[in-house]
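> Letter by letter, the chains look like this.
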Amino acid sequence: MEDQVDIGGGQTRMEAAFGAGDGDDEATAVVAKSQSSLGQIFEQKYRPWEGDLGPRWMRNYAIYRHHVYGVFTSKGHRQYHPMVRLLILVIFLTSLTPVPMLFLSSLIGDDGGFFEKMWGINRYNLWGQVLGYFPRNICMWPLLTAVVVGGMISDDRQHGTSAIYFSRPISRLDYIAMKYLSVAIILGFVIVFSYFVYYTSAIVFRAEGWAFLADTLPIFLGGMLAGSILVITYTSIGLALSSISQSRFFAAIGFLSIIYGTKLVSLLVELQFETTFLYIMSPYDCLAHLGQYLVGIPLNYDHPLSFSVVSLIAMNCAAIWLLVSRVSSLEVTRE
Amino acid sequence: MPEQGQLIESPIIVTKGLRKMYGPHLALDDVNLEIPRGSVGILGPNGAGKSTLFKCLLGLITTTSGEGTVLGHDIRSEGESIRSKIGYMPEYNALDPNLFAIDQVRYAGELLGMNSKNATRRSHEVLEYVGLKDQRYRKIETFSTGMLQATKLACALVHDPEILICDEPTNGLDQRARSFMLQTLSRTVREGNRSVLMSSHVMDDVQEVCDNIVMIHQGRIVVQRSIEELVKQVDKEIELVVWGGASRMEDKLRSSGLEARRLGRVIRVKMESDETIEEILRAAVQSSVQVRQMKEYEPDLEDIFLLIMDKLGAEIKGTEDLMTPEHTGGA
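Line by line, the protein sequences give chains A and B. Under our numbering, the first residue of the first sequence is numbered 7, with each subsequent residue one higher. Under our numbering, the first residue of the second sequence is numbered 130, with each subsequent residue one higher.
Quick caveat, the hints were computed from the structure, so don't treat them as lab data. Honestly, I wouldn't trust all of these hints.
Restricting the straight-line Cα-Cα distance to at most 27 Å, the calculated cross-link-like pairs of lysine-lysine (DSSO-like) are [said to hold, decoys possible]:
| no. | chain 1 | residue 1 | chain 2 | residue 2 |
| --- | --- | --- | --- | --- |
| 1 | B | Lys440 | B | Lys365 |
| 2 | B | Lys440 | B | Lys399 |
| 3 | B | Lys399 | B | Lys365 |
| 4 | B | Lys214 | B | Lys246 |
| 5 | A | Lys81 | B | Lys246 |
| 6 | B | Lys262 | A | Lys51 |
| 7 | A | Lys81 | B | Lys440 |
| 8 | B | Lys268 | B | Lys246 |
| 9 | B | Lys365 | B | Lys424 |
| 10 | B | Lys262 | A | Lys81 |
| 11 | B | Lys399 | B | Lys361 |
| 12 | B | Lys424 | B | Lys361 |
| 13 | B | Lys145 | B | Lys214 |
| 14 | A | Lys51 | B | Lys440 |
| 15 | B | Lys424 | A | Lys51 |
| 16 | B | Lys214 | B | Lys262 |
| 17 | B | Lys262 | B | Lys246 |
| 18 | B | Lys214 | A | Lys51 |
| 19 | B | Lys440 | B | Lys361 |
| 20 | B | Lys145 | B | Lys440 |
Just chain A, with the same shape it has in the complex (with noise of 0.2 Å):
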């Protein structure tokens, strides 16, 4: 350390109020009295800590216990608003609709007739259940995401809370997946779990057999893979766009505004010009095309199918560059 900087000899400060020799003799001292100790009413003692800490997956799973217990209770957990889990609730009980409907079916012995063709499992129904754009994709699952995705990262910007996590041995990678896991649990909950009780239901409900399994099971198959592309796109752009706000707020609105003006733009487009090809931008097109191959329905836009599964891709791809982009500015010292 021969390069510090030598003291020796220096001469430190001196403080005196201007005109400090003014007047003096006048000058009367005032003596604050001291202030009594208010004292302690406990003991402060360090007590050491000898457990271990666990390994790499127990950090994790924290992370994705704290996120997604929250949604059940706020007990200890990330609090989600009680508006918010009212509306999780709301739209998970709604997208199972279905469930009662077949019931009834089953219970008139309705073969055929009003409710099977509108509840009963077909590849139309299927698709419908998770792609239908009225009202699943315009009032379910973009207002679902959006509420879930909302302060999944912009809260930990917003509150610094960052530091929490990066300060320990919690890596980026760690950070981003378990939010990303979090996030993408609960919308397959609502959104696949639902399709798979509402196909469960109808075998049940019905009484279906092997031939029945036999016959639906690859469609149903295909409209739960069409359900998991939603629920990782939705992902990935809801959490890009937490994770570049301070906002709940914006985030939610960026969401719907992705999904609605995208979808709203092509809409238009093709009553101008009869072109459906604009929709490849609409991440909700991209995955209705996408599900409709899946399923076996016949689809209903002009464009191939590749544009829309390469768009998906680019969308996906482009939505967690920024996220990780994002998350990697996240700081620690300060936010």
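Use these hints to put chain B onto chain A, whose structure you have.
This is chain B only, laid out in the frame that chain A set:
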């Protein structure tokens, strides 16, 4: 046993030629550190490189060159191991306002890999330790600044880290909360046998807690020594408060061969020998001046800091120049 003794005495943080550049900007330049166990104050003006140093020590950013270890772990490749053994108390707010204090601290423990049961039990202990026993089940959004700082400290202490890094721990605290925070940090060092690295612009705070200081200026380590040693380097002075001819007295002192300087009625005289006091009194008699107060001036850390900054050519008149409204609680 001698080996164990050597281990205890070995420095907890060592860096050699550490350099960090952000593009063309040199944030840390050839930083050579050997930080012993105990309490160490990290001082420096804003933008000196304190935060960058912390980030390097936590293994959060890659260094441009040089090497370093924290508790024997390489800062370049073992960041996660380092962060498992360090408790970091950030300067800025880092708490979820919607959580209860107990849940926040428990979650902080779980993020380190503690299981939920251990983390909860430990959270109770540390919250009691930082004086928040009765506020454990209050939402953080209802906390005062002092409580927020205490909660951040509890989060940092939850896993009983070997090193506690505190970035401006007394930011915005009132006198009582500040005293309690400093007392808690001191106790952590003394009773807990833990090491504390503390950065602060309030020199009194550093002096109260720390035995050693590391001073950074423009990315370089300019001083790394114990406070006691630094105080010894400064000239001993006698401070007088006089009445009835301070300038006469100053002239007399100088003509007597003493080194004196004056500001208003306050005169400081360099203590050359034991006879200096007698010479001062003699000069006072000869110049018909009342000596109202006379004491040996003990330089504090702020004096030393300003002295060093002055030697380095930094234009800092007082530590207030280093502070932002956040340091003073927004005042």
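> Please go over all the hints and tell whether each is borne out by the structure.
Results for each hint:
no.	hint	result
1	B:Lys440 - B:Lys365	18 Å, holds
2	B:Lys440 - B:Lys399	19 Å, holds
3	B:Lys399 - B:Lys365	6 Å, holds
4	B:Lys214 - B:Lys246	20 Å, holds
5	A:Lys81 - B:Lys246	15 Å, holds
6	B:Lys262 - A:Lys51	13 Å, holds
7	A:Lys81 - B:Lys440	56 Å, violated
8	B:Lys268 - B:Lys246	21 Å, holds
9	B:Lys365 - B:Lys424	11 Å, holds
10	B:Lys262 - A:Lys81	19 Å, holds
11	B:Lys399 - B:Lys361	14 Å, holds
12	B:Lys424 - B:Lys361	17 Å, holds
13	B:Lys145 - B:Lys214	21 Å, holds
14	A:Lys51 - B:Lys440	42 Å, violated
15	B:Lys424 - A:Lys51	38 Å, violated
16	B:Lys214 - B:Lys262	25 Å, holds
17	B:Lys262 - B:Lys246	18 Å, holds
18	B:Lys214 - A:Lys51	21 Å, holds
19	B:Lys440 - B:Lys361	17 Å, holds
20	B:Lys145 - B:Lys440	25 Å, holds
The earlier numbered hints that this structure contradicts are 7, 14, 15.
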